[in-house]
Amino acid sequence: MMDSIAGLQLGFSHALTLGNLGWALLGCFLGTAIGVLPGIGPALTIALLLPITFKVEATGAFILFCGVFYGAMYGGSTTSILLNTPGESGSIITALEGAKMARNGRAGPALATAAIGSFVAGTIGTLGISFLGPVVVDLALKLGPAEYFSLMLLCFVTVSAVLGGSALRGLTSLFFGLLLGLVGIDLQTGQPRMTLGVPELLDGVNVVLVAVALFAVGETLYMAWRHTNAAPQVRQVGSIMMSRQDWRRSIGPWLRGSLLGFPFGVMPAGGTEMPTMLSYYAERKLVKPEHAKEFGTTGAIEGVAGPEAANNAAAAGILVPMLTLGLPTSATAAIMLSAFQSYGINPGPMLFEQQGALVWTLIASLYVANIMLVVLNLPLVGLWARILKIPQPQLYAGILVFATIGTYGISNSVTDLVLLYVIGIIGMFMRRFDFPTAPVVIGMILGPMAEQAMRQALTISEGDWTTFLTRPVSLAILLLAVVALVGPRLYGRLVSRAP
Amino acid sequence: MTGRRHLLAAAAGLPAAALARDGWAQQRLASLYMFIPAGPGGGWDGLGRAIEQVARQAGLVGSFQFENVGGAGGSVGLPRFVGQRRGRPDALMVAGSIMVGATLTNKTPVGLKDVTPIARMTEEAGVVVVPASSDIKDLKGFLDALKANPGGTSIAGGSAGGTDHITLGLILKALGRSAKEGSYVAFAGGGPAQAAILGAQVKAGISGLSEFVEQIRSGRMRALATTGATRTDPNIPTLKESGIDVVITNWRGVFAPPGIRPDAREKLVALMTEVHGLPAWTETLRTRDWADAFLTGEAFSAFLAQDVTQTEAVLKEVGLA
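These protein sequence lines map, in sequence, to chains A and B. Counting in the numbering used here, the first sequence runs from 4 upward without gaps. Counting in the numbering used here, the second sequence runs from 421 upward without gaps.
FYI, nobody ran anything at the bench for these hints, they're computed from the structure. Misleading hints may appear alongside valid ones.
Unchecked claim - No more than 30 Å apart at the CA atoms, straight line, and that leaves these computed lysine-lysine pairs for DSSO-like:
{"hint": "1", "chain 1": "B", "residue 1": "Lys736", "chain 2": "A", "residue 2": "Lys145"}
{"hint": "2", "chain 1": "B", "residue 1": "Lys567", "chain 2": "A", "residue 2": "Lys145"}
{"hint": "3", "chain 1": "B", "residue 1": "Lys600", "chain 2": "B", "residue 2": "Lys736"}
{"hint": "4", "chain 1": "B", "residue 1": "Lys560", "chain 2": "B", "residue 2": "Lys687"}
{"hint": "5", "chain 1": "B", "residue 1": "Lys560", "chain 2": "B", "residue 2": "Lys533"}
{"hint": "6", "chain 1": "B", "residue 1": "Lys687", "chain 2": "B", "residue 2": "Lys600"}
{"hint": "7", "chain 1": "A", "residue 1": "Lys145", "chain 2": "B", "residue 2": "Lys557"}
{"hint": "8", "chain 1": "B", "residue 1": "Lys533", "chain 2": "B", "residue 2": "Lys567"}
{"hint": "9", "chain 1": "B", "residue 1": "Lys567", "chain 2": "B", "residue 2": "Lys557"}
{"hint": "10", "chain 1": "B", "residue 1": "Lys600", "chain 2": "A", "residue 2": "Lys145"}
{"hint": "11", "chain 1": "B", "residue 1": "Lys593", "chain 2": "B", "residue 2": "Lys560"}
{"hint": "12", "chain 1": "B", "residue 1": "Lys557", "chain 2": "B", "residue 2": "Lys600"}
Note that the structure is predicted; figures quoted are calculated from it, not measured.
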């Protein structure tokens, strides 16, 4: 504890120089910009920035990289909310309620709760890095594939929150997502599956692409198809500020989302998607009865505040295994580790001891970046929200252009564009026949992760299925999943039977 | 790295020194197109950009143009390079052992036999590790456990069919077991694999030495053996000296498109020989911690053929090719 405080003091004394503040600002700005574009994520951006390591000293470069990383998490929510076009996989869930809020004249509060929630979560996450890092990482290492599989089963329960009115339609969507998730090389055998001989499909279908195709392209095509005779209507922008009630409704989800997100980020196979799903599920169950009907209809602010906080806290958590053990648990962390190497610094368990000044400066700059980002983003809320004043035909045309450019940016591949429009057309018909699209994306994210974790666990246990039940943590998570699945129904039955 | 490889490198460096004397800054190529069949930031990208750095500073090549087409261990990029650059004398592709396995498991219509080998530049030995808490103390203990019960000795590494998986297959074959019996747990990327080993979720792990070196130094993992022909780290024995006749490294090199004229090929070989002879290249190898593995011409072709045969044999036995 005392070491951490002394370290932070040292870090802030380095981070608050004019030059380093400049790097942080540049990083935040770049990060926000690329976060807004679907497809181009922080990993690719930092990879493209790697050549600066030849010219810029290490501290400046890493402050820039961390600014990009945090900025992308902020920016990712903006297009999710305004255009129903998620920029990163972590903000896919944000689009569920966020886009509905925007459509109902509440874009301002949705963007504001996302920005402030990101700030709250980023700060909690960075506090976690500063004071809890090594402890949490040792706990996270105790989780093996069996526990991860159980965690993913728990996440599958969250699908029930987005299934919509018809379980049959919802499950059909889920299975479509699981099917899409199977495309590509199977990690455990190295064999291609369902790639139809197309080499571009060997690495699978990109989940952001599918989300953009279903949410944005599908919606746009549907509008073009069904709304030919309707008079062009201009959407309400509504109040930009969060009301007192919005604040009251957001604080709980922010804190819960942050506490949920951080540990998932620290877990070597956790990532930013799972906690957003769990947070969405939790908020939907915990919401006050008078606001419950807003979920899935007019958009509930809790459903934006929680997942957005979870996403940002997880992003902070991802830095913990990287800084404490040198483990690259995400694409971004892997690129940052290669940047350490080009400075001749060996990232590993001794990083804190050997490069204390650098690491603490980096952590201090995360606090700085967080403040910069909320200051940068809040005034932008009004500006962004005004996008919705664009008449619908032009707005939807813009979304289509934007989605197309962003998708091409993922890997400069024409195959991706074909996929975008094929899945977009499927999305259009899903919209037409009332199939929910969110389960597709959830199935696509969870399916492959669950499959690999299950097979890894079974290889380790030599095919013994009881491994999921005999490992105590795994068993506890499974029981939690059972409670989450049947608990509400049992409770409902008990309440209805009572006179 | 010990004597033999140094000698080899020095011998290869001689003609470069001679060339360098009469034409230090003589430009060999006005422009060079460098194709990276992987995303920016990885090992192949790093090699390509390091070659650019050294060659351009010495004035050997006027300008470089890069293209990254990532995916599936190079299986996505390779067909594109073969198709679009056929016969072009001013194009190079970075590739390596990962592609040998990937093209076999993915059954791609084109393979490394369809491009023109120019030079092998670097290599990295693999290492067999156990968690620090493991009761396996040395290589002998590991081999005994593996021989007695391969199914119960779970081993973490990179994607199936990759160099790590092939290494396990070769070890099993050397022990007189079948490669199929191994209990190999594939992880996407070094992070999750390292986490599984550090947390003792698996019995052992195999990967490139650079992936594990910091964990070994800090005492969280115990290195049992490296997989090169000679010791990479003086304190870690090789498999070969321990009586297991397995030598396998993760090598990287450059290839020209198919169908180029012999003189164009000679020119590219000369260019890479010159790059390799520059002090800046030696410096790059040192800072990046890459082992020199310079090899050109027939020797490289022969090595490549042998690597493909060895990899294919293991993959066939496991049932992946």
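Outcome of the hint check:
1. Using a Cα cut-off of 30 Å, the hinted pair Lys736(B) and Lys145(A) is violated, with the two alpha carbons roughly 35 Å apart.
2. For the hint linking Lys567(B) to Lys145(A), the alpha-carbon distance of about 28 Å falls within 30 Å, and the restraint holds.
3. Proposed proximity of Lys600(B) and Lys736(B) is supported: the alpha carbons are some 9 Å apart, at most 30 Å.
4. Restraint check: the Cα-Cα separation between Lys560(B) and Lys687(B) comes to about 48 Å, which exceeds 30 Å; the hinted pair is violated.
5. Simply put, Lys560(B) and Lys533(B) have alpha-carbon atoms about 38 Å apart, too far for the 30 Å limit, and the pair is violated.
6. With a C-alpha separation of about 44 Å, the suggested pairing of Lys687(B) with Lys600(B) is violated against the 30 Å cut-off.
7. Distance check on the hinted pair: Lys145(A) and Lys557(B) sit about 22 Å apart at the alpha-carbon level, within 30 Å; holds.
8. Pair hint Lys533(B) plus Lys567(B) does not hold up; C-alpha atoms about 35 Å apart against a cutoff of 30 Å.
9. Simply put, Lys567(B) and Lys557(B) have alpha-carbon atoms about 16 Å apart, close enough for the 30 Å limit, and the pair holds.
10. Restraint check: the Cα-Cα separation between Lys600(B) and Lys145(A) comes to about 29 Å, which is no more than 30 Å; the hinted pair holds.
11. Restraint check for Lys593(B) and Lys560(B): the C-alpha separation of about 16 Å stays at or below 30 Å, so the hint holds.
12. For the given pair, Lys557(B) sits about 25 Å from Lys600(B) by alpha-carbon distance, which is consistent with the 30 Å threshold.
The structure is inconsistent with the numbered hints 1, 4, 5, 6, 8, although it conforms to all the rest.
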